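**Student:** One letter stands for each residue in the lines below.
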Amino acid sequence: MNTVLEIDSLKKYYGKPGNQTKALNGISFQVMEGEFLGIMGSSGSGKTTLLNCIATVIQPGGGRIVMRGTQIHSLKGKKLAQYRGKEIGYLFQNFELIDNLTGRENIMLPMSLHNVPDQEGKNRLSRLAAYLEITDVLDKFPSQMSGGQKQRVAAARALIMDPGIILADEPTGALDTKNAKTLMKKLAGLNEEENATILMVTHDSNAASYCKRILFIQDGQIFHELRRDIPDETRPDFYERILKVMSQLGGGSANVL
Amino acid sequence: MFFELIARNSKRSRKENGLFFTTLLVSVIAFYIILSLSRQDVMFFLQEMESDAVNRLLTMIPVFYVMTLVVLFFLIYFASKFQLERRRHEFGMYLMMGMTRNRLFALLLAEDMRSSVIALLIGLPSGVLLSELISLVTARLVGLGIIGHRFSLSVQAILLTAAGFFLIKLAAFLILSAKISRQEIGSLLAERPEETKRQHPAFVYGLALLAGLLCLGTAYYLAIRGISWSQIRMMGITVLLGFAGTLLFFYGLRYIFNLIIKTGKRDRRLHIFNVRQLQENVVRQSGTMAVSSLLILGALCCFGAGVAIAAHYGQSGEHVLDYTFIPEYTDEPNQEQAAVDVFDTLREYGLDTEFSDLFEMKIGDIRTADDFENSYSMDDVLDQAAGFPASDDRDILLNNLGFADFPSLISLSGYNELLRTAGLPEVELGKNEGAVYMDSSFLNDNRAEIMNTILAEQPEVKIAGDPLRLTGKVQTTPVVTDYSITLSFALILPDDAFQYYTQDQYDVYVNGVLDSSASEQSGLMQAISGMNERLNETGLAYESDLQNMGRQLFYIVAASYITIYLAIIFLIVANTVIGVQFLMNQQKTNRRYKILVRLGAMYETLCRSAKKQINWYFGLPVFAAAVSSLFAVRALFSGILSPMTQGTEGEMLVVSAAMILVLCVIECIYMTAVKRSSRKYLLTLMAPEREE
Numbered sequence: 182m183n184t185v186l187e188i189d190s191l192k193k194y195y196g197k198p199g200n201q202t203k204a205l206n207g208i209s210f211q212v213m214e215g216e217f218l219g220i221m222g223s224s225g226s227g228k229t230t231l232l233n234c235i236a237t238v239i240q241p242g243g244g245r246i247v248m249r250g251t252q253i254h255s256l257k258g259k260k261l262a263q264y265r266g267k268e269i270g271y272l273f274q275n276f277e278l279i280d281n282l283t284g285r286e287n288i289m290l291p292m293s294l295h296n297v298p299d300q301e302g303k304n305r306l307s308r309l310a311a312y313l314e315i316t317d318v319l320d321k322f323p324s325q326m327s328g329g330q331k332q333r334v335a336a337a338r339a340l341i342m343d344p345g346i347i348l349a350d351e352p353t354g355a356l357d358t359k360n361a362k363t364l365m366k367k368l369a370g371l372n373e374e375e376n377a378t379i380l381m382v383t384h385d386s387n388a389a390s391y392c393k394r395i396l397f398i399q400d401g402q403i404f405h406e407l408r409r410d411i412p413d414e415t416r417p418d419f420y421e422r423i424l425k426v427m428s429q430l431g432g433g434s435a436n437v438l
Numbered sequence: 008m009f010f011e012l013i014a015r016n017s018k019r020s021r022k023e024n025g026l027f028f029t030t031l032l033v034s035v036i037a038f039y040i041i042l043s044l045s046r047q048d049v050m051f052f053l054q055e056m057e058s059d060a061v062n063r064l065l066t067m068i069p070v071f072y073v074m075t076l077v078v079l080f081f082l083i084y085f086a087s088k089f090q091l092e093r094r095r096h097e098f099g100m101y102l103m104m105g106m107t108r109n110r111l112f113a114l115l116l117a118e119d120m121r122s123s124v125i126a127l128l129i130g131l132p133s134g135v136l137l138s139e140l141i142s143l144v145t146a147r148l149v150g151l152g153i154i155g156h157r158f159s160l161s162v163q164a165i166l167l168t169a170a171g172f173f174l175i176k177l178a179a180f181l182i183l184s185a186k187i188s189r190q191e192i193g194s195l196l197a198e199r200p201e202e203t204k205r206q207h208p209a210f211v212y213g214l215a216l217l218a219g220l221l222c223l224g225t226a227y228y229l230a231i232r233g234i235s236w237s238q239i240r241m242m243g244i245t246v247l248l249g250f251a252g253t254l255l256f257f258y259g260l261r262y263i264f265n266l267i268i269k270t271g272k273r274d275r276r277l278h279i280f281n282v283r284q285l286q287e288n289v290v291r292q293s294g295t296m297a298v299s300s301l302l303i304l305g306a307l308c309c310f311g312a313g314v315a316i317a318a319h320y321g322q323s324g325e326h327v328l329d330y331t332f333i334p335e336y337t338d339e340p341n342q343e344q345a346a347v348d349v350f351d352t353l354r355e356y357g358l359d360t361e362f363s364d365l366f367e368m369k370i371g372d373i374r375t376a377d378d379f380e381n382s383y384s385m386d387d388v389l390d391q392a393a394g395f396p397a398s399d400d401r402d403i404l405l406n407n408l409g410f411a412d413f414p415s416l417i418s419l420s421g422y423n424e425l426l427r428t429a430g431l432p433e434v435e436l437g438k439n440e441g442a443v444y445m446d447s448s449f450l451n452d453n454r455a456e457i458m459n460t461i462l463a464e465q466p467e468v469k470i471a472g473d474p475l476r477l478t479g480k481v482q483t484t485p486v487v488t489d490y491s492i493t494l495s496f497a498l499i500l501p502d503d504a505f506q507y508y509t510q511d512q513y514d515v516y517v518n519g520v521l522d523s524s525a526s527e528q529s530g531l532m533q534a535i536s537g538m539n540e541r542l543n544e545t546g547l548a549y550e551s552d553l554q555n556m557g558r559q560l561f562y563i564v565a566a567s568y569i570t571i572y573l574a575i576i577f578l579i580v581a582n583t584v585i586g587v588q589f590l591m592n593q594q595k596t597n598r599r600y601k602i603l604v605r606l607g608a609m610y611e612t613l614c615r616s617a618k619k620q621i622n623w624y625f626g627l628p629v630f631a632a633a634v635s636s637l638f639a640v641r642a643l644f645s646g647i648l649s650p651m652t653q654g655t656e657g658e659m660l661v662v663s664a665a666m667i668l669v670l671c672v673i674e675c676i677y678m679t680a681v682k683r684s685s686r687k688y689l690l691t692l693m694a695p696e697r698e699e
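So the sequences go chain by chain: A and B.
Just so we're aligned, residue 182 is where the first sequence starts under our numbering, counting upward by one.
Just so we're aligned, residue 8 is where the second sequence starts under our numbering, counting upward by one.
What the hints contain is simulated information worked out from the structure, not anything from laboratory work.
Treat each hint with caution, since some may be false.
Unchecked claim - Label pairs and their in silico Cβ distance ranges:
#1 A/D299 with B/V211: 24 to 34 Å
#2 B/L137 with A/G196: 50 to 60 Å
#3 B/R110 with A/T251: 50 to 60 Å
#4 A/T251 with B/M120: 52 to 62 Å
#5 B/L690 with A/I411: 23 to 33 Å
#6 B/L181 with A/K267: 52 to 62 Å
#7 B/R605 with A/Q201: 51 to 61 Å
#8 B/T270 with A/D357: 35 to 45 Å
#9 B/T225 with A/K260: 50 to 60 Å
Please read these numbers as outputs of a predicted model, since none were measured by experiment.
For each residue, glycine too, the CB sits at the ideal point set by N, CA and C.
Let the hints inform the model, and build the full structure from the sequences given.
**Tutor:** The following block contains the structure:
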């Protein structure tokens with residue numbers, strides 16, 4: 182299996198020495214091709230900072246991020262834009278659909294942004310739309326869609342450029358349980374059938390149970406790692422294991438004041 | 008602390024909304040300039056000779072002042088509204104932290120006052136300076152000389168400017184802050200809920216667009232056919248149709264946007280995003296866009312009208328005579344003796360030497376025929392004229408000639424004297440020959456051409472039953488100085504014939520030309536002005552060219568001042584509204600740009616997208632206004648200008664080109680400013696921020 186993404190002792194500190202927040206404190210891990218990796222941690226543990234570093238939205242303070250052999254912080258200008266557009270697909274907690282574009286236009290937006298010929302995208306769009314069950318909302322505006330539909334449209338947008346990796350930031354955070362379940366099933370299905378590589382940040386144990394592997398982060402460092410034993414371990418069993426680790430997070434009951 | 012907050016907030020507002028602030032500055036300057044019009048050198052000068060007209064103009068200034076106040080109120084209300092909307096969250100925070108509503112109100116009022124005072128502090132001195140400069144330049148241009156210039160500060164204008172400015176600022180502020188302070192803290196703090204877009208079926212917009220185009224088309228037709236000028240009611244209908252048409256057109260414009268998206272060019276470089284952004288702006292603000300477009304149209308019309316009026320009255324025809332003395336009327340059959348008296352009086356006062364030329368011009372009527380009404384006929388001429396290819400000019404000429412059945416007569420000797428003075432070839436007439444005189448205001452190039460072709464054939468006419476052969480070219484050199492005395496058709500006859508047909512009953516005018524040495528020293532206007540003072544002591548009745556020059560000057564000054572003033576106000580208001588609207592919408596929809604950044608858009612891509620949107624956003628109303636102005640200005644020209652000045656298409660083209668050039672320059676300035684602000688703003692969006 183190839184390594185898609187390699188994070189090597191990544192650091193990001195906020196504030197001045199003396200009063201410093203270590204959002205990422207020398208974190209290292211790898212994401213393999215076709216992996217569905219979950220990253221869990223409490224609020225402020227550095228999950229979003231990690232994702233933003235990978236998405237090149239912020240510059241890390243130290244360490245390396247290597248995407249398919251290229252060190253991404255050496256990228257500039259057009260190459261950087263290409264990286265953002267083609268190598269990563271971003272799925273946001275609150276969908277981030279543009280409200281005056283229809284579903285179809287939203288999904289095609291990355292193609293328009295990166296000047297990709299239409300035809301390629303159109304075929305892919307119809308396949309994705311059928312799989313994500315959003316064909317009938319393609320010509321609607323976000324305000325006319327349900328939350329679940331919005332997030333699936335957003336998922337289609339993240340996938341339209343066939344990125345090397347999908348970064349999902351709390352994708353179920355704004356969804357009810359039913360819609361969250363549908364979305365996770367679809368994501369897991371994409372991972373299984375299309376061999377899509379997904380890196381998902383969440384603190385929803387339920388959503389995390391769809392992952393193959395989970396990293397737990399605390400204070401900017403990896404605190405624990407869980408691997409689902411496929412095919413022996415069922416999802417409910419994995420869920421139980423996740424809950425156990427979650428209760429340990431932050432020092433467990435020993436840390437209760 | 009409170010005052011520091013005021014200072015900081017008002018500074019921030021000015022910085023964030025530089026465009027708006029600049030417009031306020033310009034409007035302060037414009038206010039002062041128009042209000043201090045009476046203090047201009049040219050106006051002082053004109054007040055002496057054209058006091059009626061000047062006073063009428065000056066009484067009209069308050070009307071313009073109030074009108075500008077209303078237009079500016081529209082701008083200020085609108086821009087302030089956006090400014091306050093943007094700070095809703097901030098106001099919510101102040102209230103949450105325990106600031107009373109009264110104190111918030113005081114804070115906002117103080118901020119507003121602060122920026123108003125700053126605008127006045129910068130604007131008024133600039134206005135005073137600029138108005139002085141304009142005064143000097145116009146004085147120089149019209150040959151008044153600038154030696155007599157004195158610095159004039161119009162306290163009244165300053166007070167009125169400040170008062171008017173504060174008044175509209177305060178009015179807009181009170182309305183807006185009343186709206187804001189009535190809202191609950193919660194709704195202030197919350198992100199503004201997206202306005203629900205009520206969509207009608209597509210055909211409604213299609214119909215609106217169609218109706219708008221129809222209205223506009225009808226208005227164009229009425230305007231260009233001259234039907235609008237026939238009655239006030241028709242003019243009202245035309246204006247109303249144009250107004251409604253523009254509103255409907257912008258309302259229906261979303262239909263076209265839908266079409267553009269549906270027929271879908273390839274979506275590259277955010278094409279669809281741009282169209283959707285534009286569509287949203289146009290849909291949400293079709294009313295303001297239409298009004299802006301109409302304001303631009305107003306500016307273009309003002310400009311056009313100004314040029315037309317200036318061209319009409321500013322025509323400095325052929326200047327030959329400086330003075331015409333009108334002898335005192337006596338009971339004698341002719342006024343020869345009275346004319347001699349004029350010469351004597353001039354000699355008596357030692358003024359005759361001031362003239363390089365003094366001669367008599369005799370004008371009389373046909374008195375040999377019993378039937379005054381039909382003492383003259385020229386069927387040949389009329390027949391020949393009718394034979395020319397049909398044109399408006401031919402018809403007008405025919406009409407004028409048709410009424411010439413009792414023409415005035417001019418004696419040849421006087422007229423030749425005039426031609427000699429003017430340095431023109433003299434008219435030579437044999438027995439039973441006559442020449443045609445027509446005032447230049449009844450002729451243009453085409454008509455003169457027709458007349459000369461006919462006269463070249465030496466047609467025979469009948470004067471009091473006797474045959475007369477017309478010869479030579481049509482004469483147009485004015486016979487007296489007073490431009491308001493015009494002869495649409497007169498005959499120049501040899502002196503014998505003149506004496507015979509007038510039966511020795513005629514008027515005599517004494518024409519004079521000033522010695523050129525006097526006018527070379529101090530300029531013709533000053534020379535005539537000085538001469539007038541001396542002539543007033545003699546008790547002679549006279550007309551001097553000064554009146555004509557003054558009248559022309561007055562119309563030029565009045566027309567250019569008022570129209571340029573209005574045009575500038577309209578233009579800056581319209582452009583500021585469009586610009587501020589765009590920037591505010593961009594800030595309102597900043598989330599979309601942030602999403603684009605997250606999706607990997609580069610700064611340059613966003614700037615390009617914004618640039619395109621700005622081009623179209625400005626382009627649409629400007630284009631609509633430009634198209635309408637083509638018709639409106641033409642209609643204005645035909646309505647205001649006399650047939651003589653309606654001139655050739657070439658002149659029209661020059662005027663239009665100049666107008667379009669000015670418009671383009673101003674639009675470019677505004678668009679560049681807006682693009683710069685937009686780039687600055689987009690840059691702030693590029694920085695990531697933590698969102699929870």
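**Student:** Check each numbered hint against the structure and report the violated ones by number, ascending.
**Tutor:** 5 and 7
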